[in-house]
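**Student:** For the record, the sequence lines run as chains G and Z.
Residues in the first sequence are numbered consecutively from 1, following this note's numbering.
Residues in the second sequence are numbered consecutively from 1001, following this note's numbering.
These are calculated hints, taken from the structure and not from any lab test.
We put the CB at the ideal spot given by N, CA and C, even for glycine.
Any given hint could be a false lead.
Derived pair list, reagent style PhoX-like, types lysine-lysine, alpha-carbon separation capped at 25 angstroms [what the hints assert, rightly or not]: (1) Z/Lys1126 / G/Lys9; (2) Z/Lys1206 / Z/Lys1054; (3) G/Lys9 / Z/Lys1054; (4) Z/Lys1206 / G/Lys9; (5) G/Lys101 / G/Lys80; (6) Z/Lys1127 / G/Lys9.
To give an idea of the chain Z side of the interface with chain G (calculated C-beta under 10 angstroms), a few residues [what the hints assert, rightly or not]: (7) Ile1075; (8) Tyr1077; (9) Pro1283.
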Amino acid sequence: MNKIILVLKNELVAVTARRSFVLTLLLVPVISFVVFFVLSALNRNTPDLLTSVFSPPQNQAVEGYVDQSGLIKSLPDSVKPGTLIRYASQADARQAMADGKIKDYYIVPPDYLASGKITYVRIDFNPISGLDQTGTFQDVLDYNLLGGNSSLAAKFQNPLDLQQVSLAPAPQREQNNALTFFLPYAVTFLFYFVILAASGLMLNSITTEKQNRVLEILMVSITPTQMLAGKIVALGIVGLLQTLVWSGTGYFLLRLSGQTFNLSSAFQLPPSILAWGVLYFLLGYAIYASLMAGVGALVPNLREASQATTIIIMPLIVPLVLISALINDSNGVLAVVLSLFPLTAPVTMMTRLAAGNVPLWQTALAALLMVGAAWLILRSVSNLFRAQTMLSGQPFSARIFLRALFARQAQA
Amino acid sequence: MTTVEVEHIRKTFGSMCAVDDVSFDVEKGGIFGLLGPNGAGKTTSIRIILDIFKPDGGRVAILGGPMTEAKKNLIGYLPEERGLYQDISLERCLTYLATLKGLSRSEARQRIEPFLERFDLADHRKKKLKELSKGMQQKAQVIATLVHRPQLIIIDEPFAALDPLNTQMVKDILIEQRDRGATIIMSTHQMHQVEELCDRLVLINKGKAVLYGKLDTIRREFSGHDVLVRTPGAIPPLPGVIESKPHNGSVRLSLAEHTTPQDILRELVQQNVPLEQFEIAMPTLDEIFIQIVRDSGERE
Chain G
1 MNKIILVLKN ELVAVTARRS FVLTLLLVPV ISFVVFFVLS ALNRNTPDLL TSVFSPPQNQ
61 AVEGYVDQSG LIKSLPDSVK PGTLIRYASQ ADARQAMADG KIKDYYIVPP DYLASGKITY
121 VRIDFNPISG LDQTGTFQDV LDYNLLGGNS SLAAKFQNPL DLQQVSLAPA PQREQNNALT
181 FFLPYAVTFL FYFVILAASG LMLNSITTEK QNRVLEILMV SITPTQMLAG KIVALGIVGL
241 LQTLVWSGTG YFLLRLSGQT FNLSSAFQLP PSILAWGVLY FLLGYAIYAS LMAGVGALVP
301 NLREASQATT IIIMPLIVPL VLISALINDS NGVLAVVLSL FPLTAPVTMM TRLAAGNVPL
361 WQTALAALLM VGAAWLILRS VSNLFRAQTM LSGQPFSARI FLRALFARQA QA
Chain Z
1001 MTTVEVEHIR KTFGSMCAVD DVSFDVEKGG IFGLLGPNGA GKTTSIRIIL DIFKPDGGRV
1061 AILGGPMTEA KKNLIGYLPE ERGLYQDISL ERCLTYLATL KGLSRSEARQ RIEPFLERFD
1121 LADHRKKKLK ELSKGMQQKA QVIATLVHRP QLIIIDEPFA ALDPLNTQMV KDILIEQRDR
1181 GATIIMSTHQ MHQVEELCDR LVLINKGKAV LYGKLDTIRR EFSGHDVLVR TPGAIPPLPG
1241 VIESKPHNGS VRLSLAEHTT PQDILRELVQ QNVPLEQFEI AMPTLDEIFI QIVRDSGERE
């Protein structure tokens, strides 16, 4: 036990005294604060700045239309004068577009009421944003189809004006605020990054000792298990410190934003998410740091490890790839499955917690499954953590790694 | 009393047999030579003794039994592949390694200090290891091996990368360690170093122990029927001498089968030849090794 503590202390000092570590630890909050204060200063003068930054308003281009059906009697008040010009014929509209007077035009055919078809003519081809501005003409059609009644047209376009009331205990988010949208993304990326960074420290530590050729001396002073235990705990503490500093900064900024951005008090993240965050970080770290330790035990140097780490971090990337689906349906089947599967759980569960309410049994079950997985992986990796394997200097082989990982303890 | 007992150890890596049925004992308080050319199996044998590698067969008893965690604190090991933490200061590195051997931090610092002074490293204690020369790092590694006053010291090629001055200093330190009662196993391919320091040895070639015992006994066993004679003038013709040839300022006389060195000495005295040197010619370990390797090659 005493030697585990010695390894632990040495690792703690070695990592935290590294200039790159201190810089990363401090620079992330400092940059966040700078960005936050710049944004909040701008926001004071321009409300809804964030929304406008991420969803800039479209400039209203001038459009034309040719009404062969006689449906369009007048334009609603919402259409700015001069932005939608009527042309008598297609030739006039096409000439106007060629002269640059209009960006595009619509042709409402004589049989529109029967067919519902309208031709839309524009110069460029852009399937993604090509229909961005067609909403104006749709408003015009709705308005005229409903006999020129503006209020009826508004009801027709938005018939379901919900006032949401949730009986769930956790605070709800203001749906229209940009921060509400970005919060789960931020939490997901934060967790992906801290777990990856902390387990990467483990890989770095082991390969450095191999490259420094100090491993053989250590093997005559401590057991491989003592070394593994000391490193896992020490680098876990380092990662936890990093997580707490970064997520604490994020939480503090969010609290501050509640005042600065004048959000409703219900927007705040519940403090329980921090507690769950610490737990899921530790468990996620235990799983991935053990896997990285296994790779570190096999590879002769850090360069050789890149292929192996790519395979190992795949499950950690899955929630990032599916993040939109997870956020949009945070209690759907996909989200629940990924948040219970131990390799994807640490990031996915935090995404779900940040996006909405998660039943307590699911958070607890995910934690239990992760504890089990971490224990199994740690036990398997200790098979690899033998002096002979570590000193052999053989190139990394996925076959050897997987065989050792899934070998039974008795065979070690 | 034996400190290390090695019985019939065997180790293979894939199809290569690195150590094949090697046995030897290392007695307490002596310097034992583990000899052999590069790739003979010396380092693998050491790793088996230290329980770093598990043997495929055979048994090792160290300090009275199998290796335990407590015994690790009583062992000092200087591996052939030198290495220390490159990104931390010399003092911190030595202190950490000493604490892993059971010393408290303050005790470690106290023990390290005189070594730093003796090895001319005191002014470099705050420097990172990577800023030190190869020779300095070698000396630092010797300190890490000895600082906890081990009962058993195992050193693999201890004089590599050392200049003659530091080589002599390390030799002196090894003799001091032996004199305080430590047992030393010195692995090297430099036979003359063993002749100077070791009292017993095992010679390994291609994984097999080909020679084992006391240095004097081995040399005597391999000594031929030759004497070395040095006189101020020319040596007169002597009965029973079949060949004479110069040898490092002396003359090496090869004697006929039934002629003894005493017969030659008596004849020289009778002829009134002034003698500066008269000794039985002992082969060097290099010569013995070459002879053994040649013989085993011929047998194969």
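**Student:** Determine for every hint whether it applies to the structure shown.
**Tutor:** Going down the list of hints, with the structure as the test:
1. Restraint check for Z/Lys1126 and G/Lys9: the C-alpha separation of about 19 angstroms stays at or below 25 angstroms, so the hint holds.
2. This hinted pair checks out: Z/Lys1206 and Z/Lys1054 have alpha carbons roughly 19 angstroms apart, not beyond 25 angstroms.
3. With a CA separation close to 30 angstroms, the supplied pair G/Lys9 and Z/Lys1054 exceeds the 25 angstroms bound.
4. About 43 angstroms separates the Cα atoms of Z/Lys1206 and G/Lys9, which puts this hinted pair outside 25 angstroms; it is violated.
5. A threshold of 25 angstroms between alpha carbons decides the hint, and for G/Lys101 with G/Lys80 the separation of about 16 angstroms falls inside it, so the pair holds.
6. For the given pair, Z/Lys1127 sits about 21 angstroms from G/Lys9 by alpha-carbon distance, which is consistent with the 25 angstroms threshold.
7. Given hint, Z/Ile1075 at the interface with chain G, holds; its Cβ is 6 angstroms from that chain's nearest Cβ, closer than 10 angstroms.
8. Interface restraint check: Z/Tyr1077 against chain G, minimum CB-CB distance 4 angstroms, threshold 10 angstroms, status holds.
9. Checking Z/Pro1283 against chain G by beta carbon gives a least distance of about 35 angstroms; that is not within 10 angstroms, so the hint is violated.
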